[in-house]
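Please build the complex by placing chain P on the supplied structure of chain R, with the hints as guidance.
Residue numbers (our numbering), protein chains in the order written: chain R, 1283 to 1359; chain P, 68 to 542.
I should point out that these hints are in silico values taken from the structure, not numbers from a laboratory. Owing to the predicted nature of the structure, the values given are computational and were not obtained by experimental measurement. Backbone N, C-alpha and C fix where the C-beta goes; we use that ideal spot for every residue, glycine too. Treat the hints with caution; some may be incorrect.
Here are some chain R residues pointing at chain P (derived, C-beta under 7 Å) [unchecked claim]:
(1) 1296
(2) 1315
(3) 1316
(4) 1320
(5) 1323
(6) 1339
(7) 1341
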Amino acid sequence: MQSVHAFITENFLDGDGAGLTETTALLQTGIVDSIGMLKLLVFLRDSFQVKLPEEEVRPENLMNLRTIVALVGRYRG
Amino acid sequence: MLFNSVLFAIFFAVFFALYTFATRTTSAKLTLILIGSCVFYASWDYRYVPLLLGTAIFDFFIARAMEVARADRVRRKRLLAVSIIVNLGVLGFFKYINFLLGSAYGLMDLVGISAPSFFIEVALPVGISFYTFQSMSYTIDVYRGTLYGRNHPLGFLAGVAFFPHLVAGPIIRTSVLLPQFESFRTLPWQAYRRGLMLIAVGLFNKSVADLLSQVVDRIYGAPGAPTMLEAWTATLAFAGQVYGDFSGYTDIAIGVALLLGFEIPPNFDLPYLSRSPAEIWRRWHMSLSTWLRDYVYLPLVKRDYLAGRNPRPYRALFITVILAGLWHGATWMFVAWGLVQGMILTANHVLFDRYPKFKRKVNTSTGLGAVLAIGVTFYFWLLGVVMFRAPNIGKVGEVVRAMHFGTSPGSFTWSASLTLFFVIVGLVTGHAVSWLTNRHRTFQESIAFWPMLVFWMTFALAFGGIAPSFVYFQF
Chain R
1283 MQSVHAFITE NFLDGDGAGL TETTALLQTG IVDSIGMLKL LVFLRDSFQV
1333 KLPEEEVRPE NLMNLRTIVA LVGRYRG
Chain P
68 MLFNSVLFAI FFAVFFALYT FATRTTSAKL TLILIGSCVF YASWDYRYVP
118 LLLGTAIFDF FIARAMEVAR ADRVRRKRLL AVSIIVNLGV LGFFKYINFL
168 LGSAYGLMDL VGISAPSFFI EVALPVGISF YTFQSMSYTI DVYRGTLYGR
218 NHPLGFLAGV AFFPHLVAGP IIRTSVLLPQ FESFRTLPWQ AYRRGLMLIA
268 VGLFNKSVAD LLSQVVDRIY GAPGAPTMLE AWTATLAFAG QVYGDFSGYT
318 DIAIGVALLL GFEIPPNFDL PYLSRSPAEI WRRWHMSLST WLRDYVYLPL
368 VKRDYLAGRN PRPYRALFIT VILAGLWHGA TWMFVAWGLV QGMILTANHV
418 LFDRYPKFKR KVNTSTGLGA VLAIGVTFYF WLLGVVMFRA PNIGKVGEVV
468 RAMHFGTSPG SFTWSASLTL FFVIVGLVTG HAVSWLTNRH RTFQESIAFW
518 PMLVFWMTFA LAFGGIAPSF VYFQF
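With the rest of the complex left out, here is chain R:
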């Protein structure tokens, strides 16, 4: 959770992750946009060796920190 939090803070919040909780809506609020979604997916793949099946590459899995961590938990290499 912490490293994902740190990545989002660093890359999408200019270092200020104080208000970022595990249920903050990342896509709805525009913290992570369509380009950011890919950046995030590449980060998960490269940092945690997450190998996602095709059907799991979808926005619902990137809604908030909780769904991202759950995704990593399911597919971590």
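Here is chain P on its own, set in the frame of chain R:
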């Protein structure tokens, strides 16, 4: 049968009475919704009712077959391909065939081959872009495993044909609507009050749009280049018209659905207060933006991602936005609009990516900084608005030139200035009432609620119905 017509009021009154008092079971309610929706659609063009039902039934059976073949990935993929080809084929035939023929003939002319002038006479089925996308997303979701293919078609058919959103959206995900259709629930009474409010606000905003359309039509329809004042007046008026028209339609659709006990997600979120082009795309016609993100943009970048390569998001973004342009209309003008939007969005993303401090400043600044960010974003939006409204590329050039370099100071008359003033009032009013009804927490409980409702309805009765239709019906 327009939402702001007497005919629709009668239709809905009869439908509501039957729905509330004459149907008890889920299947009776769904059957009534399906029949009512077919009647609603037939009022536009009865010949296309079989097309609407046919594509939905086809997708239902494809999804069913996918469900049966859940373990067979190859077969599921083939079934999905069939669904996409058929849906896009139908959409392509009705919406794009003459555009393709015309473009091919133009190309033949260009290389010196004598081109025929054969075109297919076909009327565009109203709302086809909306219900095709709606229906197709069901098979895609079943393929992805986020939904399971239903055994009984009634809920799905009623969901696709559901008349509040049938002809101009919002494009509601099957995953949002279908569960509501399968398990009816009673909403709290506040939801019905909100439904009434949204209908009143929608009718009001549509009336404002109709009034603004008179200014737009006069200036954009006039021969020759407009003056600077006219160009800004007409373009601001069209920005207000298209917002009032479409968000008004959406509000009525959401309100009508609420009165029937269904919740449809919002489609607009005060888009003209956005601080960047990327944000305005998130807040304008949200159901289409997210549809394109999930079903076009992501599949485009997915292949590289899954193969372990670094995806190329900007290429995918460009393709998606050009397709968004084509979705709006089968002309090269809309392709050009998509290209311009693609360039603006790419520049926006690259800028924010390279300079995160600047991004943060834009998103969090208050006062003058916020006004500047909103102003610059709106300016870029207006450039797209000109392309949306102008009848041809020549007119686009004339209007954009006039907006920036137009002179004719002699034309700065009181009546023209007054027109601009009323246009700005109309533009601001549209967002003000949307803010009041969607963002203001206590408005619904306030003493001003019922008087405002009466005012909006009276205004709509007095000034509504000037324009013959809703702008987004053509899409």
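Hint-by-hint comparison with the structure:
1. 1296: holds (4 Å)
2. 1315: holds (6 Å)
3. 1316: Given a least distance of 5 Å, the restraint on residue 1316 of chain R holds.
4. 1320: The hint holds - residue 1320 of chain R has a Cβ within 7 Å of chain P, the shortest such distance being about 5 Å.
5. 1323: holds (6 Å)
6. 1339: Cβ of residue 1339 of chain R sits 5 Å from chain P, so the hint holds.
7. 1341: holds (6 Å)
This entry satisfies every hint, going by the numbered hints stated previously.
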